[in-house]
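For reference, the chains in residue letters:
There are 4 protein chains.
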Amino acid sequence: MINAGILGSTGYAGAELVRLLSSHKDVNIKFLDSRTYDKEEYTNPYPHLKNKLDKVCKSINIFESELLDEVDIVFCALPHGLSQDAVKVCISKGKKIIDLSADFRIKDPSLYEKWYKTTHNAKEELKSAVYGLTEIYREKIKSSTVIANPGCYPTSILLALYPLLKENIISSKGIIADSKSGVSGAGRNIMDSNLFSQCNENIRGYSIGEHRHIPEIEQEIAAFAEEEASIQFTPHLVPLNRGILSTIYADNKKGVTQYDLEDIYGNYYKDEYFIRLFSRGELPQTKGVSGSNFCDIGLKVDERTGKIIIVSAIDNLIKGAAGQAVQNMNLLFNLKENSGLEQMPLWP
Amino acid sequence: MINAGILGSTGYAGAELVRLLSSHKDVNIKFLDSRTYDKEEYTNPYPHLKNKLDKVCKSINIFESELLDEVDIVFCALPHGLSQDAVKVCISKGKKIIDLSADFRIKDPSLYEKWYKTTHNAKEELKSAVYGLTEIYREKIKSSTVIANPGCYPTSILLALYPLLKENIISSKGIIADSKSGVSGAGRNIMDSNLFSQCNENIRGYSIGEHRHIPEIEQEIAAFAEEEASIQFTPHLVPLNRGILSTIYADNKKGVTQYDLEDIYGNYYKDEYFIRLFSRGELPQTKGVSGSNFCDIGLKVDERTGKIIIVSAIDNLIKGAAGQAVQNMNLLFNLKENSGLEQMPLWP
Amino acid sequence: MINAGILGSTGYAGAELVRLLSSHKDVNIKFLDSRTYDKEEYTNPYPHLKNKLDKVCKSINIFESELLDEVDIVFCALPHGLSQDAVKVCISKGKKIIDLSADFRIKDPSLYEKWYKTTHNAKEELKSAVYGLTEIYREKIKSSTVIANPGCYPTSILLALYPLLKENIISSKGIIADSKSGVSGAGRNIMDSNLFSQCNENIRGYSIGEHRHIPEIEQEIAAFAEEEASIQFTPHLVPLNRGILSTIYADNKKGVTQYDLEDIYGNYYKDEYFIRLFSRGELPQTKGVSGSNFCDIGLKVDERTGKIIIVSAIDNLIKGAAGQAVQNMNLLFNLKENSGLEQMPLWP
Amino acid sequence: MINAGILGSTGYAGAELVRLLSSHKDVNIKFLDSRTYDKEEYTNPYPHLKNKLDKVCKSINIFESELLDEVDIVFCALPHGLSQDAVKVCISKGKKIIDLSADFRIKDPSLYEKWYKTTHNAKEELKSAVYGLTEIYREKIKSSTVIANPGCYPTSILLALYPLLKENIISSKGIIADSKSGVSGAGRNIMDSNLFSQCNENIRGYSIGEHRHIPEIEQEIAAFAEEEASIQFTPHLVPLNRGILSTIYADNKKGVTQYDLEDIYGNYYKDEYFIRLFSRGELPQTKGVSGSNFCDIGLKVDERTGKIIIVSAIDNLIKGAAGQAVQNMNLLFNLKENSGLEQMPLWP
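Protein chains in written order, with full-length UniProt numbering: chain A, 1 to 348; chain B, 1 to 348; chain C, 1 to 348; chain D, 1 to 348.
Next comes chain A alone, as it looks inside the complex (with noise of 0.2 Å):
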């Protein structure tokens, strides 16, 4: 069995981490962390685990508690800028930990002091912390200590960019994504703009060009392509609880078929349980991996305008967040990778 304690259990993408983990028949859960719901039963505020999960939530001093020994594998779903010291203690002790905020992301500290607007105190442990787009890193996964969970809308993106970066067929500059989310991506976060009657028969962007996702993403088209990288980013709120769409526009510098590109990701990713690829004419939506852990991916040459349109959907929560945390947990410890994720979309 493997040991694994929660720090911020309690926000969303912490609570998906304690539904999978407490699901898994290879995970025993040793502590879950939360400040707002400190010694109160971790089923007041997520009654769908009632009588099935029999904790109470504790608010943990990472320097003092001694919950930490106890565990093989720690998972941070602390805000940005939280999880510093807690991968300095867990690497200090010997313990994995996957850290699903943005502090170990960014491997350049001052773009992640510019975008962040906060400094980063474990430079040190940014070194050696690997980002944690598993399909993608799958063999430095395996032997890291410190694993940077993707951001949902990078995973997203990422995943339908690789294999036209790898092949040189599109350029890594001058790439457009136009992503749409559900609201439970902001968090369980108790501010005007995630009230219900905002956000329901509502659409809006927001943070154009200014996404702090954006350095993430273009650090990973960059290393794809072996090049400099930007893109244009905006993501918007739509009024779901869960999905994340992401439209991808990028110029067809090579000219390559719709024949080509399905044979090309065919290539990449056929070996992939949580990537399914659509065919021709078939474009994925986001109630296709409610609830799972899947990506789906549709591809899209248009002969007449010359770009290639790449369009992709995840559950933000977990492909976006908590579930692609275990698949790296798996990873880590030799696990089927699919172990605990095997959960089929709710359709509708």
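Since the hints were derived computationally from the structure, they do not count as laboratory data.
Keep in mind that the hints are not guaranteed to be accurate.
One copy or any two copies: either way a pair holds, since identical chains are not told apart in the list.
Unchecked claim - Taking lysine-lysine pairs in the BS3-like style, the calculated list, with each CA pair at most 27 Å apart, reads:
(1) K95 / K58
(2) K142 / K336
(3) K95 / K55
(4) K173 / K142
(5) K142 / K39
(6) K52 / K270
(7) K25 / K123
(8) K52 / K142
(9) K166 / K93
(10) K39 / K270
(11) K254 / K173
(12) K140 / K336
(13) K39 / K336
Given the coordinates of chain A, assemble chains B, C and D onto it according to the supplied hints.
Same frame as chain A, now just chains B, C and D:
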């Protein structure tokens, strides 16, 4: 391995059966009947199972098909009126059958004929059918051949009422059940009243005092109470995909207290895996059961008015249809009752 | 021109008042009070009025503000407990006031204090307040100074019950009202239970037998029936922005027929512009009134059970709050009763 | 009084016309054509107008009906392909006609025939039709007989692009428009993809690079820019009733600043009642225009990427269909342009 076939596999209840059975480790799906999608890939109408279920739909003639010989059990998710022949054929071939339609729920065929406005052509077979409300009729179900899987509304109402009626705390007459259902309860029927724009941002009642689930509910109330029964039942359509919330009102004829009530329900249900009781002040909500086979029940004694109010929540497609069918199958084949049904609800 | 000021103008009910009054040809808005958005453009929190309402919010001290001298009427959309001072000041200055809070609805101050758990500091002024259920108290309203605008749930329930009680067709005790409300009814309050992801894909009941609208509803039932009253009232939250549907159950003690019932309601309401009756078989739905001041009412005599069921639908922010307030203002100033309220509902 | 008739009055665009015209003080509705609801009360399918619109639908044979002689103007909300005969008859009788279908939008009939896969049988009449994008073609519209009312997506995209193209700030080629639409855009068509349970909790793209609005958009871009045009257009379906948000990407070929851009749009649109510009940082959202004829536009110069992003929001049934049609009618009859369209958006 249990070999199973599904008649009517492309309605929403059928599709939920397919999802559950395809993940059930002891079940092998042998055929997926569908008139609408005959000869099409099952994943055309249900892309959420893409790559994970490689089956083609087939329109089956129940009288001729040899496919029936290959299975141990048939799930029948056909519209009302169409499962009588299927049951006859299954019985004649010695197959178990779980019928999700109303055809075998109502023991008095004349009552069936009155409410469903059609004749019943399997009156003999009706006699041997067992009403598949698992928690109540568990022992009978184990040894039955034909199981009449309960309706979604009746499941939510009857599990909520059972202890009250068995203990004679309320009268079997004059009960009011005000139920609210998500739109998937209407199935994947292509009709004006199921259109998104007609249902979204709308609440409406329908079939007040005339809904076909009324005789089914009254039959069971009478059985529990061992006297004649009547119910005022009002279903409402509310804009969500999954979930039924039933709010049930009855006179507290014996003046039980809140404490008594919780105690009584605890006695009846404390060992039930799928029934979760909420104690004082807490109320169930549909989100807490969404995607699961749970039935959550909340209790309220209103001393001011002399009434007892019971609130129950289920996922209409799971505990209200396919999940309870699988639960019944597990009983029939001596499997753990929650086998294939361990999935926790999704929140949010 | 009527000069009007609004206290508490940036909650949802306040904002709806602003929208209605800004389009009312006989009204001139003089001030928009808001603590939260003091000194901000009103269109910051409410961009739907951008370019069409050029006003800045102001946090007003009711005791000192000279703005009060400039107006003929004050609309008070402050939270419960905060409008008592406003009413006192308005009376002392000879201004009309329409209070959308509960502070002046309940004639017995001890009942108010019991249910609202606060003291009432304007008991003298309470005596002269008129309950602003327009269709019922039209004549009294015309000559009043302080109007206590009814609650949203009470409006939907009381208009539905009035003819039954006046005609003594049902008892004033034992009525059950099961109401379903959109989330805007909870206001623009920034709290966990109002978050999109908590409300969407969810149905839940709350405050069963304990909701503060109970004494208000019972007071009016007693007034209509001229005897003591009790109601079992259960509100539910359903995932839409606007709309209340109330399903009301009572014993048909005189055995009226469906025909009688429609006839009786016709007699009471046939000349009411804002009340629309549905005849046999038809039921109202919230979409049919959304964005309007209508109250739609459907009637059902269930001969099988001996019950009468009334279903009513309103837009909670209009007939349930701001619209009825404007309707009352129209009466106070001898305008056409539907002035500024002619807008038809939006479908879909 | 203007006497008006509506062909195809029971689709969603037709129904919105009925709602707007029935409240328009200068308009008298003479007939409501409907094949589906022939001889039925109009309020059967549209109960929101109950008691306020006392008219019966009639299936009209355009060639024989004498009703045409009674009207000054015909609104044609028939499906594509069916309005060509209507236009011919109206012209022959000297009636004005506003056609909401695509039949008269595309000036090159061969292009129409290619994208709509049908022949065009009114090529002569096509020549005299004016494209009814009111703000752009106001003068031409005033004196025209046949107005081709623009599509919903084109309206949202073209108003957003007009100043950029007129000022030659962006190229007429390579523009990307990523649009998100509420489900009412698909009309009240009874088909699987419009079902609530298929659309709710879902986002999907469709017709990428193949949508029939493409030639219409490109025609107008070319007209604005006075050179050949191409657009990459991707529509998406999101789960709300009303609203289109278009996010439009173009290269900032002249390096204009944010300040310049706001200035330019101000010059073009400052006197337009229905166009509202958002300045730096603020972005439009569909809720802000819902229920109104406004088109809200936000602007963003991204200096990091060298792109200009324009975001526009409309209510697809009003500015995207019926509202713009009424706006055009007002022009034709020398009424105030916002007559009958003064209604403010609803929030929330």
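Hints violated by the structure (numbers, ascending)
4, 5, 7, 9, 13
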